[in-house]
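Engineer: Got chain W sorted already, so can you dock chains D, P and G onto it with the hints?
4 protein chains.
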Amino acid sequence: MELFGTAGIRGSATERVTPELALAVGRAVAAAVHDRESGIDGGGESDRGDSDDAENTDAATEPAPEVVIARDGRVTGPALAAAMEAGLASGGVAVERAGQLPTPALAYASRGRYGVMLTASHNPPADNGIKLFRDGSEFDRDAERAVETRVEAGTSPAAWNEWTAPERVDTLPGYLAAVCEYAGEFGADLDGLRVAVDCGNGMSAPATPTVLRELGADVVTLNGNVDGHFPGRGSKPTPETLADLRAFVADADDDGDDAGFAFGIGHDGDADRIVIVDADGEVVHEDTVLAMLAERYTRESDAADPVVVTTPNASGRIDERVRAAGGRVERVRLGALHEGIAAVREAATETAVDTRVVFAAEPWKHIHVGFGEWIDGVASAAVIARLVADGGLDGLREPITERPYRKVSVDCPDDAKADAMARLGTALPDAFPDADVDTDHGVRLEFSDASWVLVRPSGTEPYVRVYAESDAVDELIAEAKTVVETAVGSVADATDVD
Amino acid sequence: MELFGTAGIRGSATERVTPELALAVGRAVAAAVHDRESGIDGGGESDRGDSDDAENTDAATEPAPEVVIARDGRVTGPALAAAMEAGLASGGVAVERAGQLPTPALAYASRGRYGVMLTASHNPPADNGIKLFRDGSEFDRDAERAVETRVEAGTSPAAWNEWTAPERVDTLPGYLAAVCEYAGEFGADLDGLRVAVDCGNGMSAPATPTVLRELGADVVTLNGNVDGHFPGRGSKPTPETLADLRAFVADADDDGDDAGFAFGIGHDGDADRIVIVDADGEVVHEDTVLAMLAERYTRESDAADPVVVTTPNASGRIDERVRAAGGRVERVRLGALHEGIAAVREAATETAVDTRVVFAAEPWKHIHVGFGEWIDGVASAAVIARLVADGGLDGLREPITERPYRKVSVDCPDDAKADAMARLGTALPDAFPDADVDTDHGVRLEFSDASWVLVRPSGTEPYVRVYAESDAVDELIAEAKTVVETAVGSVADATDVD
Amino acid sequence: MELFGTAGIRGSATERVTPELALAVGRAVAAAVHDRESGIDGGGESDRGDSDDAENTDAATEPAPEVVIARDGRVTGPALAAAMEAGLASGGVAVERAGQLPTPALAYASRGRYGVMLTASHNPPADNGIKLFRDGSEFDRDAERAVETRVEAGTSPAAWNEWTAPERVDTLPGYLAAVCEYAGEFGADLDGLRVAVDCGNGMSAPATPTVLRELGADVVTLNGNVDGHFPGRGSKPTPETLADLRAFVADADDDGDDAGFAFGIGHDGDADRIVIVDADGEVVHEDTVLAMLAERYTRESDAADPVVVTTPNASGRIDERVRAAGGRVERVRLGALHEGIAAVREAATETAVDTRVVFAAEPWKHIHVGFGEWIDGVASAAVIARLVADGGLDGLREPITERPYRKVSVDCPDDAKADAMARLGTALPDAFPDADVDTDHGVRLEFSDASWVLVRPSGTEPYVRVYAESDAVDELIAEAKTVVETAVGSVADATDVD
Amino acid sequence: MELFGTAGIRGSATERVTPELALAVGRAVAAAVHDRESGIDGGGESDRGDSDDAENTDAATEPAPEVVIARDGRVTGPALAAAMEAGLASGGVAVERAGQLPTPALAYASRGRYGVMLTASHNPPADNGIKLFRDGSEFDRDAERAVETRVEAGTSPAAWNEWTAPERVDTLPGYLAAVCEYAGEFGADLDGLRVAVDCGNGMSAPATPTVLRELGADVVTLNGNVDGHFPGRGSKPTPETLADLRAFVADADDDGDDAGFAFGIGHDGDADRIVIVDADGEVVHEDTVLAMLAERYTRESDAADPVVVTTPNASGRIDERVRAAGGRVERVRLGALHEGIAAVREAATETAVDTRVVFAAEPWKHIHVGFGEWIDGVASAAVIARLVADGGLDGLREPITERPYRKVSVDCPDDAKADAMARLGTALPDAFPDADVDTDHGVRLEFSDASWVLVRPSGTEPYVRVYAESDAVDELIAEAKTVVETAVGSVADATDVD
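Chains W, D, P and G, in that order, give the protein sequences.
Residue 1 is where the first sequence starts when you use the working numbering, and the numbers rise one by one after that.
Residue 1 is where the second sequence starts when you use the working numbering, and the numbers rise one by one after that.
Residue 1 is where the third sequence starts when you use the working numbering, and the numbers rise one by one after that.
Residue 1 is where the fourth sequence starts when you use the working numbering, and the numbers rise one by one after that.
For reference, chain W alone in the conformation it holds in the complex (with noise of 0.2 angstroms):
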């Protein structure tokens, strides 16, 4: 069973994330958590299922390992929750329950135990999802392994005496205080920086205006009341979903009076992403904000070799800001930005170097290295705006050259994939001889211009997915196309004939 997406696991909580699966979860989390903590898989080793009789009794008398469960605004929320608690606490392990929480606001509160966030993020209302937490940092592979494997199996309850009694806690203000305190390190005060705020009725309104406000903006929110219906637009963040909020700061500075807006921000409904408006009303490319902040992060990191990870969809323009500020950017799979962050790391331990990651990001979605290593549209929007209240979003985005964008999907079976992809490694390279070519994660073309082409296979759709950044994009996309419809052609012919 793949019961872990790239985004933990979502759906219909009526049919897929139920409360029985929930419970499920929570029962394998528990023991999956019981047998690290004791020492039986370590750090993303596999299960070896046998324990140590000795080691049992010692854990016995430790004190039984600590989860925080949180979730989003959704309806279908405490329900869940209840069966998730019920499943760690019928574990053996030692529950806290923290209520409503924006997703960064938990994995800030996992650190030094365990989390469970219950959200879909930004899917509609129906759904809803659960994401794992260690110390920081959501579950590697091996451990949504572990958990996967032992759902499957069944995981019989903890003995009756090891059950324990879950706790509430309040930790939205401390995960406050701490975004306040990090973000203070960077531009300027903002000193009534007029702000408006679309939380699209999701987990940032407790959150953003709050962190804005304490660091001194003149804050209006849209949609700041928590509705798990999503009533005042969809919970995705999209340029369609954000029109009233673009109406709102647009029109506002079409009067020309004081009550402009410097800039707008939307998140999704569990506050990891985060998308800028500026003060036209017109979205900011997700690219941009990323080479914003990257760039920063770079310049004011004192490293030696200040490494941004990113992923092979994200625009060359964050590779340009990041070199003009002296560092350089490593690519990873989509999904996978901590085991870029872990490859860059673990490379540097064999050299003298002084390399750091100064920052990971896809594009709408930032990990704050520096503040903690999850996803986190809260520390976003304070950074942002303390670095816009310095030099103004159009001071920003000046030095970014924005190329045209586009994307698009070439058929293929699922099971055609990988012959063609691998038929591509060749034939791309050989339609496009200038370009410089990295195959990590697809092919990626670059040539000399600062154009790219990226070819990769979809991981949920039966597609190849074609994306390109360039002045001529809609000439480099379509030669690329062709030469992707070719391979796959092939490749798919070669399968019907078997």
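Just so you know, the hints here were simulated from the structure itself, not pulled from any lab data.
From a predicted model like this one, the values you see are computed outputs, not experimental measurements.
Among the hints, erroneous ones may be present.
[Stated by the list, open to error] Below, simulated DSBU-like cross-link-like pairs (lysine-lysine); rule was C-alpha separation at most 35 angstroms, straight line:
id: 1; chain 1: D; residue 1: K236; chain 2: W; residue 2: K236
id: 2; chain 1: W; residue 1: K481; chain 2: W; residue 2: K407
id: 3; chain 1: W; residue 1: K236; chain 2: W; residue 2: K417
id: 4; chain 1: G; residue 1: K417; chain 2: G; residue 2: K481
id: 5; chain 1: P; residue 1: K236; chain 2: G; residue 2: K236
id: 6; chain 1: D; residue 1: K417; chain 2: D; residue 2: K236
[Claimed, not checked] Quick list of the computed label-pair ranges, beta carbon to beta carbon:
id: 7; chain 1: G; residue 1: R141; chain 2: W; residue 2: E181; range: 32 to 38 angstroms
id: 8; chain 1: W; residue 1: A159; chain 2: G; residue 2: D170; range: 19 to 25 angstroms
id: 9; chain 1: W; residue 1: D449; chain 2: P; residue 2: S156; range: 53 to 59 angstroms
id: 10; chain 1: D; residue 1: S409; chain 2: G; residue 2: G154; range: 53 to 59 angstroms
id: 11; chain 1: W; residue 1: G99; chain 2: G; residue 2: P462; range: 42 to 48 angstroms
id: 12; chain 1: G; residue 1: R141; chain 2: W; residue 2: A188; range: 46 to 52 angstroms
id: 13; chain 1: D; residue 1: E485; chain 2: G; residue 2: G154; range: 45 to 51 angstroms
id: 14; chain 1: W; residue 1: E461; chain 2: D; residue 2: E185; range: 48 to 54 angstroms
id: 15; chain 1: G; residue 1: D354; chain 2: W; residue 2: A159; range: 42 to 48 angstroms
Ideal Cβ positions, reconstructed from N, Cα and C, are used throughout, including at glycine.
Structural biologist: Below, chains D, P and G alone, put in the same frame as chain W:
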């Protein structure tokens, strides 16, 4: 000491409405409640202070009277609530902590018991205040005086074994459901009606948007995150503080697409007040809103003699619409709607007619008598939305004639007010011989073209106020002002001579 | 599946009454409650399963039915309560968390709604269980069957937007006050009556001592700290497990000083059962306790035809005292007191007589009908204390004749029970021709000297039970046992032949 | 105003320790805490009152200092806690509500922050009190004086936007686990050791029995239900109030069966004090308990110079056992153990010797320095139980010589005390020329046979106290008393002359 003003106790939380005062008031309320419950001072009678021992003994075995405490979102609320709780619990009444609530929700929760609301309504964030309720209604003057007397004298704690331990209650869901059920009796299904609600970071945030969404509206909120700093706008909803809402609604409409709003709603900090904004972003005159509701409630009543209670400063357009619907209007001084309701009912007991109060309101503050006897801006939002869904806002306004309205103040020392008003009781009728005269609350002149003038002394400042509504309002008010100045002048001169 | 036994669902928390089962039962209860509330299956009728669409639509706008959840002090309680909560909330009923409560307090809280009690009563600490209540009464067999059927079939979650968010409630104080008020109607003021209460670390701890102290007793507790490990003694109060209490009470009395106790009280884990210990440390026979209460309730009733309902294994001394007080006794099978009460009431509707059930009880379990229709050991403690304060325990026992009582078991395979009992229906009357015979619940023989024999099959074990009470109990039971063995033997032989 | 006595603030909740006082103290503590945290008055220094603006500005961005509030089970606790909370929160410190706790558990929770305990310890139920903690230790005299001064002067609320919102915390489980872990270092596994604990309806109920059960004991409790009326016995554990416990333990032992108890434990209302009862139901002398612990802690220490701190009224048997174990005893005046600990440490800084305080205690009150610097009766229970499990209670007592002990009081007006003591400084040595004399805290005479006499003025009553311990205690105390009376008489005469 004049503890209670027209809106309960209100002022700076650090200088006037301090925890010390809250503790003292809590103790005094406890004593007053005990006396009332044991029959020592019945409805409105003053405290006679002598208690029958036998009765006291009986009272000891009775369960303690219950007081539910809530607060709005102000920063000073939790400490004041704790102090109030300490005063009540050490005074021997059972205390229920309801946490943050809109004032009308606390009033609803006070049915069958007592209630204390900590709110300064639309005052600035540094203020706070105390409102007392019994069985859904605010304390009347006698009840307030009973508390005032005890605060002045100091009230000892109850015997140690009568102190109580506060409990938490969650009363909001029941209130919201009740509002939905009540509003469902009027107008039409909202069916996607698009409404913008500016909660002003106040306590309407968890109430009005939820109610409207439950009723089927498509709701977008401004400043829907509760924040006791009121960062989004001033807590008092005025055309100026509602500028963002007005622009937001108007601009959405300008686009001509589906995103237009049917109307907008602005609340004050504790959701007793409501302001309506039309699709053009213009504030609908508060008297026009009263007239809409008054007409509808009158029309839907099956009483033989439906009565609307309002205040002298409310426009004649209310009278017009109520008369058109087959009812009549009674006026009572500002801040005394409850006394007006009581007076109408008292008078009705002496007749055989089926007289019924169907609505009572002053500008921005509506008592939906069929729902409960408290000012309720959330219920107003729900009922108005259903009326708009039925006939459109323009349709509701159409029959209402909005004449120009003005208000001026004439300087008048406090100690000269009584003589001045006495003199005006004859001077004004003399000056306006065509007018019908009513001297129940100040001097009110009504003309055959529905124009009117009201002259009354301010309750809190050294002025005599002159209000007028007329197609020729400037001339009318100028003429009236001259009469008032003459009267005040001659009185003041006389006063000076003394 | 036979989910419900005579005392609800009960068994090992790790193997039988697991969180998984609690979740499934919660979901099933939610569905059953919804159907009942929308009129699909009325009182006791079986589930017809077909729902009228129009009704469902109406139901959607109705507030969700309420279910209050409590648990006893067992270690496995919090996790099971969370799972139950998850099942109920995702089944679309409103959930109120009452925390730890005695079972009778949960029953009290279930008036006007539904209730779920997580308790295994007097079972060992590794067990737990589920009892369901509606409006103060345990579910009857039909209602249990409706849940059973749904658990077997599996019940889907409600639509996502019907899921609910549990709320906390604090219902214990109201219950304690109600017990005090009720008991106050009987006997005399406690006025320093010295009582020892052994709470057995169970849920009587926050109830019985408080009630007795409020009523004026001087209370000392044993094992009054709630601890789900039941460290002080077994959770079932027997002469053996109450050894500490008995010695404590007896020794205090021996000293001859003021420290003597009027009597002692022992409760089981969830305070539905009560055992009385006299000042000599001897357990008062459970039937004698029943007789005391039965007589008093009969005597104090102003009904023309007061009825006490009890079970076949209860002693004739009850009948003697009830008759002496002017009432009559009706018997119903063990565990079915509610059916007995209902049957008496049903029969009474066909007569003109003022028939009223004044008390219903089986040994150790008392339903104080004037207080509520649940088994209530706390109310028993309060009423008995007030009766003792009035006439002394010896005075209460004095009129009651305690004849020797014995119980023996005869081996009998489950599948031979029916035939054996059929045969005994004639064999026993033949063997005891002087006796009056009643075959409503097993075969009961009553003799003119108040001796009696009861023969009935065990509901849970492979035995036929023989009970007898007589001044010559050894002879009587030996004689009856012989008849039973013969009957069982011949049946078993016949069975073997097959 | 002398607000603080030797045990904090204590008195009638309706007349002295009222909610009004709690609010004032809370505000004063908040101010004192703020000043201390911002360096205005450092450890023990008096308040200089002048604050540096720049520092204050910095402080504003610092997180507010935290104060955790708990209360014992007294009826007046909830209201006083609410008032304290109101004072602290409006004084701008962060407040954590810990609910009901034993005093040592609050002390434990105060580590790294501040703590307020609302308790009157062993006083009658109508009393209550306030104890203040910083980082695990009670406020010293300077810190108390800083609060006292502010209460007298009145302390204004903090600026409105510095008020805080209290949060709930659950700190008991952590404390219980810590006690178990600590005690595990001493003695042997309890392994079914049978212990009777009389909690006296106080706050030891949720602590000591749980800890002992976790450690493996077989625990039976008396008065284990928390009840602020202290119905079971007086809240102060004395041989008289422990009569039930003593009889219970003694009688169980008499039976000769397995039900005998190894020993019994009695606590006061807030579990800082402990009394040990032996298997015969006799109270073990409080100094003997001290000697057992003192010896063990000394013996187990690896310090070169282990020191036990105690008070002048403590017996010479402590010195004997500590010396036998290789350590030494230092004495400090009653109620000042912390000062004694600090003095020993201060002195040690000037030497090269590894001096360490291993235990500090006055009769019934034990500071387990290795665990924490507060008086902790729960830790005492755990450690003593493990020592008993190791060697038996008789084994622990065996090496301790218990000489007869007596205490008498000689009338002495307060204003004559100083002169009388001065005179006794020479008169007593003159009368007992063989004794070693120590005049640090009163006049203490030690004889070569380990007899001793202590003469000191009472701190609260018009007496001079004479304590003596000797095989010939009657003669010794009579002789000393004569000397004291003579000295007091001559002084009093002199005083009268004036």
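Engineer: A separate judgement is required for each hint: does it hold in the structure or not?
Structural biologist: Checked hints:
A C-alpha spacing of about 33 angstroms is found between K236 of chain D and K236 of chain W, which places the hinted pair at or below 35 angstroms, so the restraint holds. The suggested pairing of K481 of chain W with K407 of chain W holds, with an alpha-carbon distance near 10 angstroms, which does not exceed 35 angstroms. Under the criterion of a C-alpha separation no larger than 35 angstroms, the hint pairing K236 of chain W with K417 of chain W is consistent with the structure, at around 29 angstroms. Restraint check: the Cα-Cα separation between K417 of chain G and K481 of chain G comes to about 15 angstroms, which is no more than 35 angstroms; the hinted pair holds.
For the suggested pair K236 of chain P and K236 of chain G, the alpha carbons sit about 33 angstroms apart, so the restraint of at most 35 angstroms is met. A C-alpha spacing of about 29 angstroms is found between K417 of chain D and K236 of chain D, which places the hinted pair at or below 35 angstroms, so the restraint holds. Checked against the hint of 32 to 38 angstroms, the C-beta distance between R141 of chain G and E181 of chain W comes to roughly 36 angstroms, which is consistent with it. Between A159 of chain W and D170 of chain G, the C-beta spacing of about 23 angstroms keeps the proposed range 19 to 25 angstroms intact.
Between D449 of chain W and S156 of chain P the CB atoms are about 58 angstroms apart, so this pair conforms to the stated range of 53 to 59 angstroms. Roughly 39 angstroms separates the CB atoms of S409 of chain D and G154 of chain G, a value that falls outside the hinted 53 to 59 angstroms. Restraint check, G99 of chain W to P462 of chain G: a C-beta distance of roughly 58 angstroms breaks the suggested window 42 to 48 angstroms. Roughly 47 angstroms separates the CB atoms of R141 of chain G and A188 of chain W, a value that falls within the hinted 46 to 52 angstroms.
Between E485 of chain D and G154 of chain G the beta carbon distance is about 48 angstroms. The supplied range of 45 to 51 angstroms therefore holds. The supplied range of 48 to 54 angstroms is met by E461 of chain W and E185 of chain D, whose beta-carbon atoms lie about 50 angstroms from each other. The supplied range of 42 to 48 angstroms is met by D354 of chain G and A159 of chain W, whose beta-carbon atoms lie about 45 angstroms from each other.
Violated hints, in rising order: 10, 11; the structure is consistent with all others.
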